[in-house]
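Asker: The lines below spell out each chain.
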Amino acid sequence: MATQNTISRKSDMSGQEYQWGFVTDIETDLAPRGLNEDIVRLISSKKGEPEWMLEWRLKAYRHWVKLNEAEGEPEWANVKYPKIDYQDIYYYAAPKSVTEAPKSLDDVDPEMLATFEKLGIPLQERAKLAGVAVDAVFDSVSVATTFEKQLGELGIIFCSFSEAVKNHPDLIKKYLGSVVPYTDNFFASLNAAVFSDGSFAYIPPGVRCPMELMTYFRINTADTGQFERTLIVADEGSYVSYLEGCTAPFRKTHQLHAAVVELIALDDSEIKYSTIQNWFPGTPEGEGGIFNFVTKRGRADKNAKISWTQVETGSAITWKYPSVILKGDNSVGEFFSVALTNNYQQADTGTKMIHIGKNTKSTIVAKGISAGHGNNTYRGQVQIMPGAENAVNHTQCDSLLIGDKCGAHTVPYIEVRNPTARLEHEASTSKVSDEQLFYLRARGLSEEEAHHMIITGWSREVFKELPFEFALEANQLLRVSLEGAVG
Amino acid sequence: MPRFLAGALAHSTSHKTLDQTFRPVARKNKMLEIKNLRVSVLDIDDSEILKGINLTVKTGEVHAIMGPNGSGKSTLANVMMGRPDYVINEGDILYDGESIINLLPEKRAHFGMFLAFQYPAEIPGVRPWQFLKAALDAKADSRGEEKMSVRDFSKLFDEKVAAVGIDPQLVKRSLNEGFSGGEKKRNEMLQLEVLKPELAILDETDSGLDVDALRIVAQGVNSMRSPDRSFIIVTHYQRLLNYIKPDVVHILVKGRIVKTGGPELALEVEKDGYKQYASVGASA
Chain A
1 MATQNTISRK
11 SDMSGQEYQW
21 GFVTDIETDL
31 APRGLNEDIV
41 RLISSKKGEP
51 EWMLEWRLKA
61 YRHWVKLNEA
71 EGEPEWANVK
81 YPKIDYQDIY
91 YYAAPKSVTE
101 APKSLDDVDP
111 EMLATFEKLG
121 IPLQERAKLA
131 GVAVDAVFDS
141 VSVATTFEKQ
151 LGELGIIFCS
161 FSEAVKNHPD
171 LIKKYLGSVV
181 PYTDNFFASL
191 NAAVFSDGSF
201 AYIPPGVRCP
211 MELMTYFRIN
221 TADTGQFERT
231 LIVADEGSYV
241 SYLEGCTAPF
251 RKTHQLHAAV
261 VELIALDDSE
271 IKYSTIQNWF
281 PGTPEGEGGI
291 FNFVTKRGRA
301 DKNAKISWTQ
311 VETGSAITWK
321 YPSVILKGDN
331 SVGEFFSVAL
341 TNNYQQADTG
351 TKMIHIGKNT
361 KSTIVAKGIS
371 AGHGNNTYRG
381 QVQIMPGAEN
391 AVNHTQCDSL
401 LIGDKCGAHT
411 VPYIEVRNPT
421 ARLEHEASTS
431 KVSDEQLFYL
441 RARGLSEEEA
451 HHMIITGWSR
461 EVFKELPFEF
471 ALEANQLLRV
481 SLEGAVG
Chain B
488 MPRFLAGALA
498 HSTSHKTLDQ
508 TFRPVARKNK
518 MLEIKNLRVS
528 VLDIDDSEIL
538 KGINLTVKTG
548 EVHAIMGPNG
558 SGKSTLANVM
568 MGRPDYVINE
578 GDILYDGESI
588 INLLPEKRAH
598 FGMFLAFQYP
608 AEIPGVRPWQ
618 FLKAALDAKA
628 DSRGEEKMSV
638 RDFSKLFDEK
648 VAAVGIDPQL
658 VKRSLNEGFS
668 GGEKKRNEML
678 QLEVLKPELA
688 ILDETDSGLD
698 VDALRIVAQG
708 VNSMRSPDRS
718 FIIVTHYQRL
728 LNYIKPDVVH
738 ILVKGRIVKT
748 GGPELALEVE
758 KDGYKQYASV
768 GASA
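So the sequence lines, in the order shown, correspond to chains A and B.
Going by my numbering, the residue at position 257 of the first sequence is 257; the numbering climbs one at a time, nothing skipped.
Going by my numbering, the residue at position 85 of the second sequence is 572; the numbering climbs one at a time, nothing skipped.
It should be emphasised that the hints constitute simulated quantities derived from the structure, not laboratory data.
As the structure is a computational prediction, the values presented were derived from the model and not from experiment.
Honestly, I wouldn't trust all of these hints.
What the hints assert, rightly or not - Derived DEER-like restraints, expressed as beta-carbon distance ranges:
no., chain 1, residue 1, chain 2, residue 2, range
1, B, L754, A, D434, 19 to 25 angstroms
2, B, R638, A, G206, 36 to 42 angstroms
3, B, R638, A, E461, 47 to 53 angstroms
4, B, S534, A, L472, 43 to 49 angstroms
5, A, G206, B, Q656, 37 to 43 angstroms
6, A, V480, B, P655, 32 to 38 angstroms
7, B, Y606, A, D88, 29 to 35 angstroms
As the list claims (entries may be wrong) - Mimicking DSS-like on lysine-lysine, the simulated pairs with C-alpha atoms at most 25 angstroms apart in a straight line are:
no., chain 1, residue 1, chain 2, residue 2
8, B, K758, B, K741
9, A, K464, B, K538
10, A, K174, A, K302
11, B, K683, B, K538
12, A, K431, B, K671
13, A, K46, A, K59
14, B, K683, B, K642
15, B, K746, B, K758
16, B, K659, A, K464
A virtual CB, placed ideally from N, CA and C, is assigned to each residue, including glycine.
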């Protein structure tokens, strides 16, 4: 009898809440459903793009068509989902009031500003207080970039991708597709063909960007795909810390998100890229949610450093491998990740560290938390090329299981072609133990608080890499995402 | 015969009722009364460990519960705190006249119970400071009291760390992770001194301690002895009782208290061992 009561209490708590599930009622400019060359041309013309940009898109589109006919989506990932009908998706949705790009925040639809406020995005005054420069992308269109002027004085460019195409074509031509070519993979090709906006940042030589740059992504309209593109170039000897946050409303149908992020760290520079991915994960029963197929890669030149930190709590499916090509001698690549899957979420995520230069060093700390029926796979590749003398890699993969219906998998690929390389791989799997829980509860913490404390403690190695405010948000997010998983 | 899951909810409604009604008032002469308590291990048949325990501890008293290995001492300590791995077959535990056997462990902590663990769990990534602050905050929250400021807490924490003799570098690391046995026990004493419970249960706190550490534990308990606070000291050996003088000593053998007396009883055990009580335990 007592056991029965315990079970019924569990089911009472299983209603997971997604706080960011609201829909904003904004007039939207939609292109017709489906994908063909005309849609690609339409997107390009909507954005007033130059001919070279359109050409690049069309090349990408044609490549994607070939891939789609030949083999379709990549199928090697440990995720299961119904087939995506690429002709049933809207490839362009823009809030109507910004189709005539806003001149300032005053021109932005107040409904949209209210949405960003609900999301806790520091625009306007709040941005100044927080000292964060924000670019917000709403249904693929960049709506506001704060601090552009202040950053401009240092020669830093931080703007929407569309503006960069217009105002800084030389930089875009030089770097676009240089790390993730449009032929890279199925989703990267799709993105290159139809990307509607994103962020661009350029840090001039020797400049240390004085504030964190931030982009907030939001999918609002139903059945739209979001395809944003981010390009960050850190010129020689510069430094930048970049933050990315994502949310989407509660919808019972799946939505596709296929983004591309390219980082270029020139000699002696450093890029720190932090992500909190909280796309709608679907209902506790596994309905709806975002399909998140993202390609992120950076190139580190001589003495340069690229560091990826990600906290992945959202999306029905996450397919994402932020990677570093360690091209220059003495370059450093880092990947710190916490991926959480609850209910019916699936994540196949990890990194690639490709060592080309001498004395290159990479660190991977990947932590996966599985709860409910969640399925979490770490997939990582460490590749040491013949010229990479004295390359060093340390990989640590930890899995934490909550309950007995979830799964954790680790799939490391290691390829060493230089005998001087030193590689270490550590992996662990653990559960939250009854001893730990009772210890914390005997000190006055509720069962849920106790779980949360154990899990955030376990994630600390990754959280400490996040900027302070972001770490607090990640902490909070973990708490909300695990609601219903414990108790 | 009603069977309750220790520390869990017997009825979904009783939880709320208890929460709302159980508010021990701040007055002296609160009592812990254990009445004919029979306890088994959850999900294991014929595993009765406690076979009818009767025990009364008045506020301000220090009781020692002594017994050989496997007598049920630790079970008793854990069941008092509400560990969920046991089933209460019969009997009751009353505090200040009200039954607490359906209270969650955290609720017991809130009204002032404390268990110093024999084997404190290791919690990676959680710093002792953060843990203790959260515990103190949870207690304050449950009582509608204001939380201690970070500054005041830090001061108190540093003070107590020095008092119990923990290496200050150690408490910057993960809770109990990589702590030696002695360091874990000192850390339990640190928590005891910060949380200031009304009823503290020390489960074999003396095991694995050297003489210096033993003295520090004893000093902590002795300095906290007060008319408003009671202690239950569970121990196998008499040596801790050289430093802490108990008011009452109980001998627990095979799940039953077979003898109760004054401090002299501990010396009797020291001299003649537990064997003399074996037959009493079997037949009682």
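Asker: Look at each hint and say if it fits the structure.
Answerer: Do the hints match the structure? See the list:
1. At about 38 angstroms, the CB distance of L754/B to D434/A disagrees with the hint of 19 to 25 angstroms.
2. One distance hint, 36 to 42 angstroms for the beta-carbon pair R638/B and G206/A, holds here, with the actual separation near 40 angstroms.
3. The beta-carbon spacing between R638/B and E461/A, approximately 28 angstroms, falls outside the hinted interval of 47 to 53 angstroms.
4. Between S534/B and L472/A the Cβ separation comes to about 46 angstroms, which falls inside the hinted range of 43 to 49 angstroms.
5. As the Cβ distance of G206/A to Q656/B is approximately 39 angstroms, the hint placing it in 37 to 43 angstroms holds.
6. For the pair V480/A and P655/B, the beta carbons lie near 35 angstroms from each other, so the given range of 32 to 38 angstroms is met.
7. Between Y606/B and D88/A, the C-beta spacing of about 58 angstroms breaks the proposed range 29 to 35 angstroms.
8. Between K758/B and K741/B the CA atoms are separated by roughly 20 angstroms; this keeps the pair inside 25 angstroms, and the hint holds.
9. With a C-alpha separation of about 50 angstroms, the suggested pairing of K464/A with K538/B is violated against the 25 angstroms cut-off.
10. Proposed proximity of K174/A and K302/A is supported: the alpha carbons are some 19 angstroms apart, at most 25 angstroms.
11. A distance of roughly 31 angstroms separates the Cα atoms of K683/B and K538/B; the hinted pair therefore is violated under the 25 angstroms criterion.
12. Restraint check for K431/A and K671/B: the C-alpha separation of about 22 angstroms stays at or below 25 angstroms, so the hint holds.
13. Note on K46/A and K59/A: the hinted pairing holds, with a Cα-Cα distance of about 19 angstroms set against a maximum of 25 angstroms.
14. The straight-line distance between the Cα atoms of K683/B and K642/B is roughly 16 angstroms, inside the 25 angstroms bound, and the hint therefore holds.
15. Straight-line distance between C-alpha atoms of K746/B and K758/B comes to about 16 angstroms, which keeps the hinted pair within the 25 angstroms bound.
16. Between the alpha carbons of K659/B and K464/A the distance comes to roughly 14 angstroms, so the proposed pair stays at or under 25 angstroms and holds.
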